[in-house]
Amino acid sequence: MHIYAFGSVCRGDVSFGSDVDLLAIVHGHDSRFNTEDYSIYSYERVKEIWSEGNPFAWHLSLEAKLLYASDRLDFLESLGRPMHYRECRQDCERFFALFQEARESLKLHTRSMVFDLSMVFLAIRNFATCFSLGKLPGPDFSRNSALHLGAYNLSISTETYDVLERARLLSTRAVGPPVTDYEAASAFAQLPRIEEWMINLLKEVPKLCTTNSITV
Amino acid sequence: MHYEFNNRIAAQRTILRLVNRKSFGTEQLFGLSSKAIDRWVSVNHIEPSARIVNLVRQASSKLFFLANKSQQQISEEYSIVQAEIAATRDEIERELQALSSS
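Chains A and B, in that order, are what the protein sequence lines are.
In this text, residue positions in the first sequence follow my numbering: the first is 1, and each later residue adds one.
In this text, residue positions in the second sequence follow my numbering: the first is 1001, and each later residue adds one.
In case anyone wonders, no lab produced these hints; they're calculated from the structure.
Among these hints, one or two may not hold up.
Quick partial rundown of chain A residues pointing at chain B, CB under 10 Å, derived from the structure [unchecked claim]:
#: 1; residue: Trp50
#: 2; residue: Ser51
#: 3; residue: Phe95
#: 4; residue: Thr110
#: 5; residue: Ser112
#: 6; residue: Val175
#: 7; residue: Gln190
Heads up, the beta-carbon is just placed ideally off N, CA and C, and yes, glycines get one too.
So here's chain A without its partners, still in its complex pose (with noise of 0.2 Å):
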């Protein structure tokens, strides 16, 4: 069993709303980590996502720290680095959906609405991670990856941004100030900046992208 701390509390950028990330890799089932707790793997998952050069795996690969070890080695750094990150237009696809699935609900529910804009926070900070990975020299798994992408940084107002960070903690760690209709309104005008905000970035992003440009 291998355990590693990754994600904010590695990165030393920690805040108010950031949380300890944890990776449990183990033999099969393991029935005394809690799913919330943990992100949990195998070790054949762990070296096929390695081999995909999935963003995980390079996120893991350059950021995650250990903690524990059974056998006292470091799994993840006996893995090397992961193969290049092939799959960039397509999770920029994947995100750019579930964006627009949060943004449909938005038009047509209210009674999903902290969710649908903690969705639209989490398509934006995914698909600018996946973004950045795949397209820039160096990659960024921050809360805040859209707003450090240089050229490419999102620009919608900060109140907006804000509004979308708070649901999304609403939705996952159930702390702050519930989001008013107004502030969920203002957001939703802002929607359409985000959608042209993703579509230019995938104009940036071959369909065939077979290598990525990391720098480590």
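Using the hints provided, position chain B relative to the given structure of chain A.
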């Protein structure tokens, strides 16, 4: 396989819309994490042992299991859990109807 993640999100959204069709108090259910469910129960003074709470927790637990299905690469089991989530969703719908008519 690529859109499994989006499918799980859609399943969560369906359950949230269903639960939030009924007003339980001042706050909607914002998500299906344990903490979001705890907040919903606490803020709205819902009886923690109520059947609706148990059903929502069941749905949550199954969705988190799917998110971590990588610990067991068994596609058959994945399909079974997907069917269980659909069944729990139907049970939630029936429970909400029962609550509305009581």
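Verification of the hints:
Checking A/Trp50 against chain B by beta carbon gives a least distance of about 13 Å; that is not within 10 Å, so the hint is violated. The beta carbon of A/Ser51 is not positioned within 10 Å of any beta carbon in chain B (closest approach about 14 Å), and the interface hint is therefore violated. Hint status for A/Phe95 relative to chain B: holds, with the closest Cβ pair at about 9 Å, below 10 Å. At a threshold of 10 Å, the smallest CB-CB gap from A/Thr110 to chain B is about 8 Å, leaving the interface hint in force.
Using the Cβ-Cβ criterion of 10 Å, the hint placing A/Ser112 at the interface with chain B is satisfied: the shortest such distance is roughly 4 Å. Using the Cβ-Cβ criterion of 10 Å, the hint placing A/Val175 at the interface with chain B is satisfied: the shortest such distance is roughly 8 Å. Restraint check, A/Gln190 versus chain B: the minimum CB separation of about 20 Å is more than 10 Å; hint violated.
Hint compliance for this structure: hints 1, 2, 7 are not met, and every other hint is.
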